[in-house]
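Protein chains in written order, with my numbering: chain Y, 1 to 315; chain P, 1 to 273.
Hints should not be assumed to be uniformly reliable.
[To be verified] Coverage of chain P stretches by chain Y, computed from C-beta distances (three or more under 8 Å per stretch; other residues unrestricted): (1) 97 to 110; (2) 118 to 128; (3) 195 to 209; (4) 234 to 245.
Everything labelled a hint here was simulated from the structure, so no lab data went into it. Yeah, the Cβ is synthetic: ideal placement off N, Cα and C, and Gly gets one too.
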Amino acid sequence: MLRFAFTRALSLALSLLVASVVIFAVIEVIPGDPAAYMLGLNASPEAVAALREQLGLDGNVAMRYLDWMGGMLTGDFGTSYTYKVPVAELVNQRLAVSVPLALYALVLSTLIALPIGIIAASARGSAADYGIMGATQLGIAVPNFWFAMLLVLIFAVTLRWFSAGGFPGWDAGFWVAMKALTLPAVALALPQASILARVMRSALIETLGQDYIRTARAKGLSRREATTRHALRNALIPVLTIIGLQFSFLLAGAIIIENVFYLPGLGRLIFQGITQRDLIVVESLVMLLVFAVILVTFLVDIAYAAADPRLRTKR
Amino acid sequence: MKWPVSLVAGAVLSVLFVVVALLSFVWTPHDVATLAIADKLQPPSPTYWLGTDHFGRDTLSMLMVGARTSIAVAIVAVGIGIVVGVPLGLAAAANRGSLIDEIIMRGNDLVFAFPSLVIAILITAVFGPSAVNAILAIGIFNIPVFARVTRGGALSIWTLDYILAARVAGKGKLRISVEHILPNILNLLIVQGTIQFSLGILAEAALSYIGLGAQPPTPSWGRMLAEAQTMIYTAPRLAMWPGLAIVAMVLGLNLMGDGLRDLLDPRVRRERA
Chain Y
1 MLRFAFTRAL SLALSLLVAS VVIFAVIEVI PGDPAAYMLG LNASPEAVAA LREQLGLDGN
61 VAMRYLDWMG GMLTGDFGTS YTYKVPVAEL VNQRLAVSVP LALYALVLST LIALPIGIIA
121 ASARGSAADY GIMGATQLGI AVPNFWFAML LVLIFAVTLR WFSAGGFPGW DAGFWVAMKA
181 LTLPAVALAL PQASILARVM RSALIETLGQ DYIRTARAKG LSRREATTRH ALRNALIPVL
241 TIIGLQFSFL LAGAIIIENV FYLPGLGRLI FQGITQRDLI VVESLVMLLV FAVILVTFLV
301 DIAYAAADPR LRTKR
Chain P
1 MKWPVSLVAG AVLSVLFVVV ALLSFVWTPH DVATLAIADK LQPPSPTYWL GTDHFGRDTL
61 SMLMVGARTS IAVAIVAVGI GIVVGVPLGL AAAANRGSLI DEIIMRGNDL VFAFPSLVIA
121 ILITAVFGPS AVNAILAIGI FNIPVFARVT RGGALSIWTL DYILAARVAG KGKLRISVEH
181 ILPNILNLLI VQGTIQFSLG ILAEAALSYI GLGAQPPTPS WGRMLAEAQT MIYTAPRLAM
241 WPGLAIVAMV LGLNLMGDGL RDLLDPRVRR ERA
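Isolated chain Y, as found in the complex (with noise of 0.2 Å):
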């Protein structure tokens, strides 16, 4: 278990030094300038200079490099061109309404799916699983930001018990700061909770069709002591991994949530970046997005492995 968590860890450093090598060349060497390219047409040769030397672009690439990691893994991001204030200080606010966000959205759709996928399957073939079936099948296909706007229609501009957008801090107290984010979680948790449904689903009826729970049934075990005691723990394994892959998921989709609801998170700060041509911050936040998700697949692996001793060797 050792030795596959030290190779998953080195895997997971390659793959971090990788993902960095190409997020730096994306943003700071193929553009050519990117002082010329933040300030615009319009800028006079002097401002762009004085850019140049704030970035430390008249040095050495490689240089430049290092000194950007360096950077990363001591937390200093740089300071952001268009607020003046380390990028540090912003992803820290923004994080306090992102991750929560994130989080919500994975209990709620966890909440929601366990169930109907295990009532799917127990129930294989009757109207309540193709009810079940028609309606996740459903809930992929909606798009979470149009299902973000009928949230709005319905709940906000309608009923008014919610309001359509914006976020009142934590400052505000834990249940407003929560009323706030329940419309953008649940729209964000819709298409989540019909994926994993479905995986709940089969993972459950792959199980329940192995020879230790005919074993269990006939040494006496009623069909539900047999799922609940035998089948669902080992169901559970695949959906597990599944539910840790989505946060990943969730984190990404937050960012297009958060500009249907005008909430104040990493999303919204990364479209600021990209309006306001301010590439330290978006060259940042996607290294912060991209390092969130590869340390949750490391993370996942490992669950996994530890798990089902089985995954250790092969892959």
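Following the hints, position chain P against chain Y.
Relative to the frame of chain Y, chain P by itself:
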């Protein structure tokens, strides 16, 4: 042979959208390029079947041209995934366990760490937003998907006796991959292609919604929704049609994909997409 119901229903829906998109090249009820401010925000009527937007453009005509944008972006993106991903997958399977295999698969994992949205952000930050950048972003995301499916399918074919026979007969890895492996994994690729096509439609809509895809004046479903959002209090109707179009198209493709999978190979499980 019995055709799965989902295949027929899905195919009918998908073909309908393709026909509408093709029709839009020669005919739309109204011209989408001309603005008729006098007719802005009209409700549905015999002249404007689905009403008009804030510029007086006919919603039905916009939807028809929007279908063209969505389908074009998704098809080219699937094409990129197949043209680059399939050869990589074949090469990895043919050299199983070798350095080539390892490099291709680790490269795959790396690209997987970049969700298509993040690729789109990177490309747009440097080159500015456009439909071409959306195609590139979704296409790059498709490459590891096809490489993985191809490798997985090819590995199981490589263990079969007739491949051994072909090797004994002196055929090289390249020739075996093209003549024997590829035709036998075509089923898998068709099913995966349908799934990626539907994901591409969703991704294109999301990218153009947040402004990273097709730019004005090109009509696209995502942009129509973005514009409708600003008028959600005054004309909520505008937010309905493009959303319904996306759902119907994606649902059609997904049903078709499921049906094709059942038809072509009942044992095939959905690959991780």
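Here is how each hint holds up against the structure:
{"no.": "1", "hint": "97 to 110", "result": "holds (count 3)"}
{"no.": "2", "hint": "118 to 128", "result": "holds (count 7)"}
{"no.": "3", "hint": "195 to 209", "result": "holds (count 5)"}
{"no.": "4", "hint": "234 to 245", "result": "holds (count 4)"}
Against the hints set out earlier in the document, no violation occurs for any number.
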